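Undergrad: Sequence:
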Amino acid sequence: MANTDVETLNTFLRGEISAVETYRKAIGHVSDEKIRSQLEDCLHDHEHRVGSLRERIEKLGGTPSEGSGLWGTFAKLVQTGADLLGEKAAIQALEEGEDHGLSDYKRDMDKVHGEARRFVRMELLPSQKRTHERLSRLKKTLH
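Residues in the sequence shown are numbered consecutively from 0, following numbering that gives the first Met the number 0.
The set of hints was computed from the structure by calculation and includes no laboratory data. Keep in mind that a hint or two might mislead.
In silico DSBU-like links for lysine-lysine, alpha-carbon gap of 30 angstroms or less [what the hints assert, rightly or not]:
1) K128 <-> K138
2) K33 <-> K128
3) K87 <-> K24
4) K128 <-> K110
5) K138 <-> K105
6) K139 <-> K87
7) K138 <-> K87
8) K33 <-> K87
9) K58 <-> K139
10) K58 <-> K87
11) K33 <-> K139
12) K138 <-> K33
13) K128 <-> K105
14) K33 <-> K110
15) K110 <-> K139
16) K33 <-> K58
17) K110 <-> K58
18) K24 <-> K105
19) K128 <-> K58
20) K87 <-> K110
21) K138 <-> K58
22) K139 <-> K128
Pairwise CB distance ranges, derived in the manner of DEER restraints [said to hold, decoys possible]:
23) H112 <-> G85: 28 to 34 angstroms
24) H112 <-> K87: 31 to 37 angstroms
25) S30 <-> E57: 37 to 43 angstroms
As the structure is a prediction and not an experimental result, all values here were calculated from the model. For each residue, glycine too, the CB sits at the ideal point set by N, CA and C.
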């Protein structure tokens with residue numbers, strides 16, 4: 000079970016690392032200070048989850064993933080295209096990433112067991128929902 004838990008948590012970790020990379024890239028292309036500040040808040044949420052996931056994986060005797068993997072490559076391509084199209088497109092791409100992260104947590108949280116499941120259900124998922132809601136509100140203010 001611990002192996003499955005580590006594998007699943009590492010999948011979540013790669014998604015969070017991808018989110019951190021994508022937010023950093025997007026923030027570099029945003030000129031509006033209010034938007035940048037809100038994106039930085041979302042970035043910090045993802046950075047916190049990266050740290051929490053690394054700790055949990057190590058506690059289970061696993062080795063945390065270092066990179067974002069294939070999802071990170073795809074996310075970078077999407078964000079690069081959005082950056083060329085402007086802030087609204089960048090926010091849209093970030094929201095799609097938040098949608099993806101939320102659905103990953105919901106879909107895979109039952110693949111982990113015991114304390115790891117409680118961690119995902121009580122900490123990671125609610126935190127991801129808050130980040131998702133924050134970005135959705137931001138997107139609505141841009142229309």
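Undergrad: Is it true that the CA of K33 sits at most 30 angstroms from the CA of K110?
TA: 38 angstroms, violated
Undergrad: Given the proposed pairing of K138 with K87, does the C-alpha separation stay at or below 30 angstroms?
TA: 8 angstroms, holds
Undergrad: I want to verify a distance hint. Is the separation of the beta carbons of H112 and K87 within 31 to 37 angstroms?
TA: Check failed, 42 angstroms falls outside 31 to 37 angstroms.
Undergrad: Is K128 within 30 angstroms of K105, Cα to Cα?
TA: Distance of about 10 angstroms is within 30 angstroms: holds.
Undergrad: Within a Cα-Cα threshold of 30 angstroms, do K58 and K139 meet the stated pairing?
TA: With Cα atoms ~40 angstroms apart, K58 and K139 exceed 30 angstroms; violated.
Undergrad: Is the straight-line distance between the alpha-carbon of K87 and that of K24 30 angstroms or less?
TA: 14 angstroms, holds
Undergrad: For the range 28 to 34 angstroms, tell me whether the beta carbons of H112 and G85 fit it or not.
TA: With a Cβ separation near 44 angstroms, H112 and G85 fall outside 28 to 34 angstroms, so the hint is violated.
Undergrad: Would the pair K33 and K139 pass a check requiring their Cα atoms to be no farther apart than 30 angstroms?
TA: 14 angstroms, holds
Undergrad: Does K24 pair with K105 here, judged by a C-alpha cut-off of 30 angstroms?
TA: Holds, at about 26 angstroms.
Undergrad: Between K33 and K58, is the straight-line Cα distance small enough, at 30 angstroms or below?
TA: Judged against 30 angstroms, a Cα distance of about 38 angstroms means the pair is violated.
Undergrad: Sort out whether K128 lies within 30 angstroms of K33, counting only the CA atoms.
TA: 21 angstroms, holds
Undergrad: Please work out if K33 and K87 have their alpha carbons no farther apart than 30 angstroms.
TA: 14 angstroms, holds
Checked against the numbered hints above, the structure breaks hints 9, 10, 14, 15, 16, 20, 21, 23 and 24 and satisfies the rest.
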